[in-house]
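Participant: Chain B: place on chain A using the hints.
Line by line, the protein sequences give chains A and B.
Just so we're on the same page, the working numbering is the position in the first sequence counted from 1, plus 24.
Just so we're on the same page, the working numbering is the position in the second sequence counted from 1, plus 24.
FYI, nobody ran anything at the bench for these hints, they're computed from the structure.
This one's a predicted model, so the numbers in the text were calculated from it and none came from an experiment.
From the three backbone atoms N, C-alpha and C, an ideal C-beta is built for every residue, glycine too.
Listed next, with one range per pair, are the computed distances between beta-carbon atoms:
#, chain 1, residue 1, chain 2, residue 2, range
1, B, D360, A, G123, 52 to 62 Å
2, A, G90, B, R257, 48 to 58 Å
3, A, E506, B, E376, 43 to 53 Å
4, A, L197, B, K398, 22 to 32 Å
5, A, Y573, B, Y140, 46 to 56 Å
6, A, E409, B, H129, 35 to 45 Å
7, B, E376, A, E409, 32 to 42 Å
8, A, G377, B, K101, 50 to 60 Å
9, A, E409, B, G487, 56 to 66 Å
10, A, K79, B, S513, 36 to 46 Å
11, B, G96, A, K408, 28 to 38 Å
12, B, E51, A, E409, 24 to 34 Å
There are 2 protein chains.
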Amino acid sequence: MKKRLLVIGGVAAGPKAAAKARRCDPEMEIAIYQEEDAISYAGCGLPYYISGVIKDREELISRTPGKFAQDGIKILKNRKIEKIDLPNSTVSGRRNGSGETFTDHFDRLVIATGAYPIRPKIEGIDLRDVFYLRSIFDADAVLERIQSKDIRNVVIAGGGYIGLEMAESLVHLGKNVTIVELAPQILTLFDEDFAGILRQYLEKKGVKVFTSEGIQALEGKNGKVTHIRTAARRLNADAVLMSLGIRPQVELAKQAGLRIGETGAIWVNEKMETSAEGVYAAGDCSETTHLITGKKVWVPLGSTANKQGRVVGVNVCGGNDTFPGVIGTTIFKTFDFNAAKTGLNMREAEKEGFHPVQAIVRGFGRAHYYPGGKESTLKVIADKESGRILGGEAIGEGPSDKFIDTLAMALHGTMTARQLASVDLAYAPPFSPALSPIIVAANVLMNKLEGKIEGIQASEVRGKLKTSKENFQVLDVREEDEVKAKRISGATWIPYGELNKRLAELDKRKETAVHCASGLRAYKACLKLQQEGFENVKNIDGGMLCWCYDVETNPSKEKA
Amino acid sequence: MKKRLLVIGGVAAGPKAAAKARRCDPEMEIAIYQEEDAISYAGCGLPYYISGVIKDREELISRTPGKFAQDGIKILKNRKIEKIDLPNSTVSGRRNGSGETFTDHFDRLVIATGAYPIRPKIEGIDLRDVFYLRSIFDADAVLERIQSKDIRNVVIAGGGYIGLEMAESLVHLGKNVTIVELAPQILTLFDEDFAGILRQYLEKKGVKVFTSEGIQALEGKNGKVTHIRTAARRLNADAVLMSLGIRPQVELAKQAGLRIGETGAIWVNEKMETSAEGVYAAGDCSETTHLITGKKVWVPLGSTANKQGRVVGVNVCGGNDTFPGVIGTTIFKTFDFNAAKTGLNMREAEKEGFHPVQAIVRGFGRAHYYPGGKESTLKVIADKESGRILGGEAIGEGPSDKFIDTLAMALHGTMTARQLASVDLAYAPPFSPALSPIIVAANVLMNKLEGKIEGIQASEVRGKLKTSKENFQVLDVREEDEVKAKRISGATWIPYGELNKRLAELDKRKETAVHCASGLRAYKACLKLQQEGFENVKNIDGGMLCWCYDVETNPSKEKA
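Chain A on its own, in the form it takes in the complex (with noise of 0.2 Å):
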């Protein structure tokens, strides 16, 4: 007899699973319940829909239940499924609008029910022009009201990738747009000065940025809000988003008494099957594994989503795929920065346990004489004692994209920083310099990790500045115009070619943190100061390139 294939959940995850199996079996029943009137469609699409740079909704629609139809997939929208019965192998559910019942027979399931998005029990929660950005009928509704003149003060909860997204959507728009950010930072997956550079930049772009200041209530006027509230300030809020984030839709998986894992979506092995035998789950709702730590994360993102979905739609005809896990790579643009992540940052790598060590560069996209280039700041993470990478950032208007694949690659790979020293990347002058910031980055790690050099955070350098000045020096030895554009208060300044002959300026045994733009020549310093007996000399890591505290600017010479 056929197998009876059913898919629950119609947006990334189920469909490619659906597919998948088809190609792998095209003998088996397969229909895909979907509780929304859409299915197929783009998630990550939507913040590009409402800015108006994908004109089309249709444009979003991976594929239309004809297309579906065609290779005998049978799609069940505006139905919800309420139950799934493990022991008599069924889902049972109700119709959108009839409220008509269905019980449904499967002999393989599939569990992609996604997540959702993080609403808090705050006042005012349930004013109009309260959106959130998670299905295309969200999307839908925002844009109804968005274009609208009233809506002139926009603020976003939650300073997460759909937040700055959708910030570079509504500035488009000319909205005042406010990011509201209960963390200490924006981004909170990168390091606090990858974070600091890109709140800079959003400031220039004219949103503005309140982090640590959790939103507390939502105030209005006749059903709409008006206003929100934080600790420390009221905003005028004509709209607001709500990004704080999302949660996976693990309702159905638990109450049928599927194993739900720690964090907190739906178990699966390596097959993608859940506790129950012919039950697999993929896409938002399920966890995976981070391939670095070795732990089980939720990770939703959709291109994970549609490489589970192939394996589930393997596994599903018998097959024996495996999805091994994620590395926790993930992008997003705003405006014209481009910030992607791979593996850890300093700080989970430090909870993981290692010592990391960074090397922080300039990532040009082009040999420095071909013009056009754009450039990003480029970390990268290697354990100290292992030597092995254990992660990136890139921001900026450069190829963020191409490191961090690349290094995405190392990851997979388990390079360590020797190995990425002599990696044989493309190089011609429109595509990179001769050595590419990655093998410059990892070049960088070597002098750490070999101990020629230590290197220091900016954030503990604002720190000593302001509590340590008799122990502490900041060296600067960038030129003159340089200094000119942009200075760290208290620092002295000493270009490297005069180095030689100033040394006396500086005290040997106080602590020398020594930055230049961004390394290259303090680091140059650094051993010529160490040549000179100075005791604890320290190359501020990325230079003035992360820099992103007080600055004087346009000092006039003689303070320099």
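Facilitator: Positioned in the frame of chain A, the structure of chain B alone reads:
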């Protein structure tokens, strides 16, 4: 006593070795001998200097002698080293101009003499307006003449990188450009199909291309070139650019008795040390190891030179760094086409004893719905037995560099197709489809490796269409608009959606090669045909993406 390091060669590897040695040893005496009057310049930038993309010659100079002096590195320009005396640890030579001789002592020696362009011994080779493009002075010579209105027809001898980069530059300068290549295809590092894509593109840009036609003689008048001759034709040539390749500059090393490898370049070990202790070689004059084949190769590239220079810089100071080798990654741009390669191509893989299978897919740079996306055609090659990734090629206006860097890392990590299918690459709509083309290609490879489908190369299809029509049929499963634009002569057209009811139009006993635009519909059609009892079904690798042979355009519906 201070050690003395001499470096012969001042373009890429030499200066890099010197700079790194200085950072490793602040005491060492370091001098660079350079025959030319310029040092530390970007040889790879010369085509762009000629086209005017790079306006200022100075921009090509990475570091001036003054900068070297700041680090205590002496630049000895305009001095030709004529002899290395290993027993006495000296080099001797002659100053340009004055002819004054000199001898210098070394403790450590670095040979970075680079490569020289091939000058074929043919009639007319010494005529005026016959140019090379190796040194910055070659570029000066081209620039001085090329703007002249007398020079309208330019023949480029050699269809390799420099020739193809120059084709763009010359077309931009308003010249009629013809490429003459001895091999049966331009771009011999790539497979025939991908070279074919590029050839079609160049021809659209107005570049004439003749293959299987070596340049046999140059003809001239009053000492100036006017024509070139091949076996097949005589072409007007107001100027000729000879870009037939380069050879390693090993005369000095040979005279000194250093071991020369089978590749013709200087033999070195992993530490970049030659057969004589304390004497190192790096850059275009030295050979290295191909990490896929394990064989010694000579792959002269600026990126490799820089990495090798660094290793030498460490080792001349007593360090213990290694350069393991290369994987043959390479890239260039011509017009808006980015052509990149890593590892082995199909031909090379077969020659090395692998059983290569290939996947050719559309390499989108963005989600399909995100506007402004560019596309490259992407090929990934794996070994049928081990599943190991062997190489890849990417060509087109899309992010070929990103694809190839990602694949290069897969090669460094000795990944299999299965591993590559689940890598965690950066996804957001402005940067990639949800499934990276790399992953799509890995999935196609998996289908082939698991025997679900067999591929057939376009060239083989073309051959069989000509010679064995009675046993062979081509099935085109695209839609009408696609077929109208371009179709393979002799193919049977049945849109995928009509296949079920029109199977009778095909002969089950014939070998059936199926294609669509790139591969997915053809794959599904192949599965259907296999299920229906077709005995020998194959998917044409890359579909119409790399069908570079005879096509019919706009055929009548009847004919279809």
